[in-house]
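Chemist: Spelled out from the first residue to the last, the chains are:
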Amino acid sequence: EPEVTQTPSHQVTQMGQEVILRCVPISNHLYFYWYRQILGQKVEFLVSFYNNEISEKSEIFDDQFSVERPDGSNFTLKIRSTKLEDSAMYFCASSESGLSGNTIYFGEGSWLTVV
Amino acid sequence: AQSVTQLGSHVSVSEGALVLLRCNYSSSVPPYLFWYVQYPNQGLQLLLKYTSAATLVKGINGFEAEFKKSETSFHLTKPSAHMSDAAEYFCAVTPEGAAGNKLTFGGGTRVLVKP
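Top line first, the protein sequences correspond to chains A and B.
Residue numbering for the first sequence follows this note's numbering, beginning at 1 and increasing consecutively.
Residue numbering for the second sequence follows this note's numbering, beginning at 1 and increasing consecutively.
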């Protein structure tokens, strides 16, 4: 069964460093997402992406964050200058369409620890 | 604004006993509702979803959920728990007809299955 894959599974970085989390969405999907879950808190929406543009973003997704689809298969989340509070599990996801109710498929997550 | 409340962050059941996980939502428009499961060291996997067809929805692994509009609930059940059901379960909502497929998650319920 097709799946969303993410790398790395776990990354430790120093505060202030740049981090890039990578994702390969399901191949025929057109909408891509990043969610995150801080330990002990809810899974939160960060951003959705369609047709090489951000279609929606949350207030969490400030100027420190950016997303990119550098080629036909990868989808990346960059955090420019990491802070301690960026420590979280980051989930990439994709769906066939952006219509409400369309199933969103999640990857296994990338656990980011900022020290 | 929509929100999801899962009653009980932890639930302990005996193997063979009923599993009941509670989810209540608030939404200003009719919602689509989802249950996702996260097994240890894995990503979020869709168990089932309600998209305004039948109010009783059957999912994978013997789980089902019933949409009750009058109670604004979407509780998840399984008649007989198995050891493999030990996982964290997340209820999520997205408003019907909305442009943009953005999930709002509940806080999750961790299920422990005792032999």
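Keep in mind that a hint or two might mislead.
[To be verified] In the PhoX-like style, the derived pairs of lysine-lysine whose C-alpha atoms are separated by at most 25 Å in a straight line are:
hint : chain 1 : residue 1 : chain 2 : residue 2
1    : A       : LYS42     : A       : LYS83
2    : A       : LYS42     : A       : LYS57
3    : A       : LYS57     : A       : LYS78
4    : B       : LYS68     : A       : LYS78
5    : A       : LYS42     : B       : LYS68
6    : A       : LYS57     : A       : LYS83
[Said to hold, decoys possible] One side only, chain B facing chain A, incomplete, derived with CB under 10 Å:
hint : residue
7    : GLY8
8    : PRO79
9    : MET83
10   : ALA86
[Unchecked claim] Here are some chain B residues the structure puts well away from chain A; computed CB gaps all over 10 Å:
hint : residue
11   : VAL11
12   : LEU18
13   : SER26
14   : GLN42
15   : LEU46
16   : GLU66
17   : ASP85
18   : LYS102
If you're looking for bench data, these hints aren't it; they were derived computationally from the structure.
These numbers were taken from a predicted model, which means no experiment stands behind them.
Think of the CB as a built atom: it goes at the ideal place given N, C-alpha and C, for glycine as much as any other residue.
Chemist: Given the hinted pair A/LYS57 and A/LYS83, is their Cα-Cα distance within 25 Å?
Modeler: Distance ~19 Å between A/LYS57 and A/LYS83 Cα, so the pair holds.
Chemist: Report holds or violated for the interface hint on B/GLY8, using the least CB-CB distance to chain A and a cut-off of 10 Å.
Modeler: Interface hint status for B/GLY8: violated (15 Å vs cutoff 10 Å).
Chemist: Are the Cα positions of A/LYS42 and B/LYS68 separated by 25 Å at most?
Modeler: holds (24 Å)
Chemist: Does the structure keep A/LYS42 and A/LYS83 at a Cα separation of 25 Å or less?
Modeler: Measuring from Cα to Cα gives roughly 19 Å; hence the hint holds.
Chemist: Against chain A, does B/LEU46 keep a CB gap of more than 10 Å to every residue?
Modeler: violated (6 Å)
Chemist: Taking the least C-beta to C-beta distance, is B/MET83 closer than 10 Å to chain A?
Modeler: Violated. Min distance 22 Å.
Chemist: Is the claim that B/LYS102 lies outside the interface with chain A correct, judged by CB distances over 10 Å?
Modeler: violated (5 Å)
Chemist: Please verify that the nearest CB of chain A lies beyond 10 Å from B/VAL11's CB.
Modeler: holds (17 Å)
Chemist: Once the shortest beta carbon distance from B/ALA86 to chain A is found, is it less than 10 Å?
Modeler: violated (18 Å)
Chemist: Is the claim that B/LEU18 lies outside the interface with chain A correct, judged by CB distances over 10 Å?
Modeler: holds (26 Å)
Chemist: Can we trust that B/ASP85 is non-interface, i.e. its beta-carbon lies farther than 10 Å from all of chain A?
Modeler: holds (19 Å)
Chemist: B/LYS68 and A/LYS78 were given as a pair; does the straight-line alpha-carbon distance stay at or below 25 Å?
Modeler: violated (41 Å)
Taken one by one, the earlier hints fail for this structure at numbers 4, 7, 8, 9, 10, 14, 15, 18, listed in ascending order.
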